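Enquirer: Each chain, letter by letter, is given below.
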Amino acid sequence: MKDHKGLIVNNIKLNDHYYLLSIKIDDDPKELGLAGQFYELKVKSSQRFRVPISIYDIHDNIVDFMIKDIGKATHELSLYKKNDSISVLGPLGKPFTEAINNQKCLLITGGVGYAPLNYFKNTFPHATITWFHGGANKDEVFPADRIYTNDGSEGIKGFVTLDLEQYLKENMVDRILTCGPRIMMKNIVQIALPYVKDIEVSLEEYMACGIGVCFGCAVKIKNGEDFLYKTVCKDGPIFQGSEVIWDE
Amino acid sequence: MKDHKGLIVNNIKLNDHYYLLSIKIDDDPKELGLAGQFYELKVKSSQRFRVPISIYDIHDNIVDFMIKDIGKATHELSLYKKNDSISVLGPLGKPFTEAINNQKCLLITGGVGYAPLNYFKNTFPHATITWFHGGANKDEVFPADRIYTNDGSEGIKGFVTLDLEQYLKENMVDRILTCGPRIMMKNIVQIALPYVKDIEVSLEEYMACGIGVCFGCAVKIKNGEDFLYKTVCKDGPIFQGSEVIWDE
Amino acid sequence: MNRLKTSLGKLSFNNPITVASGTFGIDYQQFYDLNLLGAIVTKTITPELKKGNPTPRVYETECGMLNSIGLQNPGIDEFIKTTVQDYKHFTNPLIVSFSASTIDEFCEMLTKLEAIDFIKGYEVNVSCPNVENEGLAFGVDEKIVYQLTKKLSELTKKELIIKLSPNVTDIVSIAKAAEEGGASSVALINTLLGMAIDWKTGKSMIRRGVAGYSGVGVKPVALQMVYRVHQAISIPILAMGGIQNYQDCLEFIYAGASMLAIGTSQFSDPTLPITIINDLKDHFDSNKITIDEIKGKVWGIA
Amino acid sequence: MNRLKTSLGKLSFNNPITVASGTFGIDYQQFYDLNLLGAIVTKTITPELKKGNPTPRVYETECGMLNSIGLQNPGIDEFIKTTVQDYKHFTNPLIVSFSASTIDEFCEMLTKLEAIDFIKGYEVNVSCPNVENEGLAFGVDEKIVYQLTKKLSELTKKELIIKLSPNVTDIVSIAKAAEEGGASSVALINTLLGMAIDWKTGKSMIRRGVAGYSGVGVKPVALQMVYRVHQAISIPILAMGGIQNYQDCLEFIYAGASMLAIGTSQFSDPTLPITIINDLKDHFDSNKITIDEIKGKVWGIA
Ligand SMILES: Cc1cc2nc3c(=O)[nH]c(=O)nc-3n(C[C@H](O)[C@H](O)[C@H](O)COP(=O)(O)OP(=O)(O)OC[C@H]3O[C@@H](n4cnc5c(N)ncnc54)[C@H](O)[C@@H]3O)c2cc1C
Ligand SMILES: Cc1cc2nc3c(=O)[nH]c(=O)nc-3n(C[C@H](O)[C@H](O)[C@H](O)COP(=O)(O)OP(=O)(O)OC[C@H]3O[C@@H](n4cnc5c(N)ncnc54)[C@H](O)[C@@H]3O)c2cc1C
Ligand SMILES: Cc1cc2nc3c(=O)[nH]c(=O)nc-3n(C[C@H](O)[C@H](O)[C@H](O)COP(=O)(O)O)c2cc1C
Ligand SMILES: Cc1cc2nc3c(=O)[nH]c(=O)nc-3n(C[C@H](O)[C@H](O)[C@H](O)COP(=O)(O)O)c2cc1C
Ligand code: FES
Ligand code: FES
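Protein chains in written order, with the working numbering: chain V, 0 to 247; chain Z, 0 to 247; chain W, 479 to 780; chain X, 479 to 780.
Chain V extracted, bound-state conformation (with noise of 0.2 Å):
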């Protein structure tokens, strides 16, 4: 974890509201993250708290950041052009496990949840993976092994936790890794929990400091019968699904 002085290489414009930001970090390319993991981006638009963006693939030593432009911050990262330089604090958090040969990984995504589960992907070639990805319209959706959509602009109308449970009947399935709205992932982890134990998410929370000394990103983690507030930037941002407190 540094706070890398980077250089925009790219900045490419996915649809009206996604765009993949790279930036280049003078640093050992081995250093730079992990899937899972995240960077805090420094902007002008937001003085007190950078932004957390995901890892959506790192090449060499550039990472690349797929973002939704939802606010000011993210607005302005998508105005960001090649040459500009900026200030990105990373990789933090901890990332997904390991996904060791031919484990059968369900990836599940909604939205720009798409993100830390594409560089998990790149990561492990070796795994075998079946992805399953949701949005509300096609302006949402990404390459993956069955798409869901809201509208039913594209592919198979209504929630990414469709067929899900079908297809728990019908596939073996190691592990389950997902990141996308808290509700679909609850819902996943739901309808889940009863096939695969192991249910990695993502979670997200408002974030001062991203190095885990504010508590201000605190999220509801079991402790027994009772509970304590582990925080997103440091302890996760991936929790076990079965332990995170979905009732809030």
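One thing to keep in mind: the hints can contain errors.
Claimed, not checked - Taking lysine-lysine and the DSSO-like style, the derived pairs with C-alpha atoms no more than 27 Å apart in a straight line are:
id, chain 1, residue 1, chain 2, residue 2
1, X, K759, V, K4
2, W, K773, X, K681
3, Z, K185, Z, K156
4, X, K681, W, K775
5, Z, K71, X, K759
6, Z, K1, W, K566
7, W, K775, Z, K233
8, W, K678, Z, K43
9, X, K483, X, K681
10, W, K759, Z, K4
11, Z, K71, Z, K43
12, X, K635, X, K488
Rather than coming from a laboratory, the hints here were simulated on the basis of the structure.
These numbers were taken from a predicted model, which means no experiment stands behind them.
Dock chains Z, W and X with the ligands against chain V, hints included.
Expert: This is chains Z, W and X with the ligands only, laid out in the frame that chain V set:
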């Protein structure tokens, strides 16, 4: 007085510290202001207050401002480019009294205090004008009949008030008009008042509203044996030097 | 349908936007028709002429401004003779702000103002030193706020707004005292105490040292106070503190405000109150809601 | 010559920069050598484990941030066993912040901490609810601040800093109470009470509603309080509230601060404390001045 949408038509660097900003304002040229009046320019670096700048000249519907880069707002303005737009509020304040034909006017200015008197001179070509200008060094010097610099790098070495008493003894002067550092104007009033009753000074104060409602820009003005506070932005910036209470 | 209609205790307004006392003057009519405002609030007047404080009196900080005007005003008699007459012909409600240094003086002022029929309400500025109480501001002491409000409420049937100071340990108890004393509404917040120093020289940027802090930097504090006061009292709230746009107004309405005042933000944008009224109208119309429907309806708190 | 040397009552520091309690943790050692700080201040601990408040707990506002962490901490025993041990080998002074809900609990905590020799001072956080006083914060009542400080000062010879809450009518009387009770210095300011609401939906941006406001927006208030407290007491001041750069530090030193803490501003720039130390060094060296020479020397006030 209006909140105009101005258009930058020119921004010329005069030297390392001074520049001439020309702004086109779509309004009746006759309404754009008189010598001694000023505008409040809206800048990004100062979100609450605007920047008061005197009219340096007006031709057709273009208002020229002579600006000295001394801080964040005046620096920001130095970077404005042709075709940038800018919100300008004005003209504000009371102008210098008109010059009647052949009236012998002695203008005394210091540094950027040159600006409002330049417009005065251009406005009243039939007045008989003599101009003393002083500054710290040659960067602070602009065309005038007599030039003074503190460091002697141009013109006469010394304050602009150096030969003032001598000059007033030897020459008939109807009026003095002055703009510059407070201490300069104070000295001028002290030296010149025995010779010339009509001394108009142009005062400065930190401003909030710029239009006379907040009483932020107060200056002490004599009121019989007592005093009262008048506003630079509405009652001024032009006051009779004999009425100002200089010691504070 | 006018979705912007709102009211304080005894007064109804066409829209919820007014101006903060001391930041407004008749000169704004050069920029827009003042009748467009929900109401007009004049600068605080005092029993006698006040010269005001030495300068510098205003300073812009990173997130707001400091002011130390010192209530410069011509005194109530001159105000009645000249200043207030400028407002005679406006059709929207005129609210006059006043202050004094003893309770009796407050009462005398109110009696004088009662004679003027086109004054529709009063905003009582209790942030001034109380000479009968060690020079502490009236507004920091709930008992005194109660006494003062009680006396004033017996003297008028017009809208009586007590404007609270935020520089207190517990604004809720002060607001309650105003309510119990018979105020028909409360206004908050007046300025926080603040300061700024020139880091190069050590010079105070304001001649009096400590000054009043306003503008966007105080907004979270104002919102918190409006929320807490709204939870505790049942008379309406005129809210202010750092409002810069219609979104800020919505925050305050959700927190419990019935009416909103724009202060500091007018200085860089004289027509801002009108822009905000138009934006609010668009927002309420396109969302088909009214002020009453969302007032105080902040949620998600546990 | 080290022009940055400074001290609080019983402790000397190589430079005047420390960190604000709750905004700092050992993790910052990944960015710089923590020995470079004038001192280290740890997050407030309490007698027992505290889970903290529900989320959202943090929110960025236009001019600062809101937090409602709820003093999440493992409790003093766990702190002594693990957290504090991480700081054992630093050579700069270690200051431990703690809080409790009764005076007795405060005293018990101090007694436990006294056993640890590498703790050089205490910052007593009095912004917490006092269960013996209707749950009002300790720090709003001068009598209780006096009592608490008196008891604590009798139990230790180490630096005893009372950290004051700004949410009071008169911070000066509270600071005086701390001084009279035997505090060797005071720290100010803790967070202001603030709030933020999502204007689109009316949802509180912080789960608890009211939260602590910090960052640049509170700077004028902090500066004002440091100035007024410095005029009134003779023990030194550890100042904080919105510091973003060395210029801000100079403002606070002119107002009367001996030592400065960086809080919120670290979040976007983890090495900021070090940048500020270096900038201050340059400033003091090139101007050939020391902290003591300018401390409290604000001028131009009349
Ligand atoms: C671990 C992690 C990984 C993420 N990875 C990605 C990614 O790969 N691609 C992507 O597009 N987005 C990602 N996000 C979400 C992204 O951080 C938010 O969309 C972004 O902060 C919104 O900022 P804004 O100013 O554009 O939006 P606004 O709505 O204007 O946000 C205002 C502020 O709210 C906070 N905020 C808003 N939404 C979120 C959120 N979902 N999580 C945390 N804070 C928030 C931030 O403090 C932000 O400054 C991730 C979030 C986390 C926590
Ligand atoms: C009536 C009037 C006419 C003026 N005419 C001119 C002119 O023609 N050309 C020119 O270059 N300058 C003029 N000035 C001065 C100019 O307004 C200041 O130099 C400018 O405000 C400095 O802003 P800054 O942010 O660059 O400097 P900073 O030092 O960073 O100023 C910070 C803030 O301090 C205030 N401030 C600083 N200096 C002054 C000042 N002298 N007067 C009022 N407020 C100040 C402003 O609020 C400013 O936003 C005039 C001032 C007045 C009052
Ligand atoms: C220059 C100035 C003068 C003020 N004068 C008064 C006043 O005379 N009476 C009063 O009650 N409040 C006065 N205030 C306080 C405002 O009415 C308002 O309560 C405060 O500024 C917060 O609102 P804002 O952040 O929108 O400015 C003044 C504020 C400013 C900035
Ligand atoms: C996230 C966060 C947590 C905090 N936790 C504590 C705490 O545990 N104890 C304490 O005394 N102050 C706490 N504070 C207050 C800070 O120490 C400091 O007084 C305040 O933030 C003002 O400084 P700043 O504006 O530089 O942040 C906290 C502040 C923040 C932002
Ligand atoms: S953001 Fe500070 S602990 Fe996670
Ligand atoms: S700046 Fe408001 S009265 Fe002059």
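Enquirer: With reference to the structure, classify each hint as holding or not holding.
Expert: Structure-based check of all given hints:
1. X/K759 with V/K4: Given pair X/K759, V/K4 holds - Cα atoms ~25 Å apart, limit 27 Å.
2. W/K773 with X/K681: The hint holds at about 13 Å.
3. Z/K185 with Z/K156: It holds: about 20 Å lies between the C-alpha atoms, which stays within 27 Å.
4. X/K681 with W/K775: Roughly 9 Å between the alpha carbons, so the hint for X/K681 and W/K775 holds.
5. Z/K71 with X/K759: 24 Å, holds
6. Z/K1 with W/K566: At roughly 24 Å apart (the allowed maximum being 27 Å), W/K566 and Z/K1 satisfy the hint.
7. W/K775 with Z/K233: Between W/K775 and Z/K233 the Cα gap is close to 44 Å, so the pair fails against 27 Å, i.e. violated.
8. W/K678 with Z/K43: 23 Å, holds
9. X/K483 with X/K681: Violated - the C-alpha atoms of X/K681 and X/K483 are around 48 Å apart, more than 27 Å.
10. W/K759 with Z/K4: The hint holds at about 25 Å.
11. Z/K71 with Z/K43: 10 Å, holds
12. X/K635 with X/K488: The hint holds at about 9 Å.
Violated hints, in rising order: 7, 9; the structure is consistent with all others.
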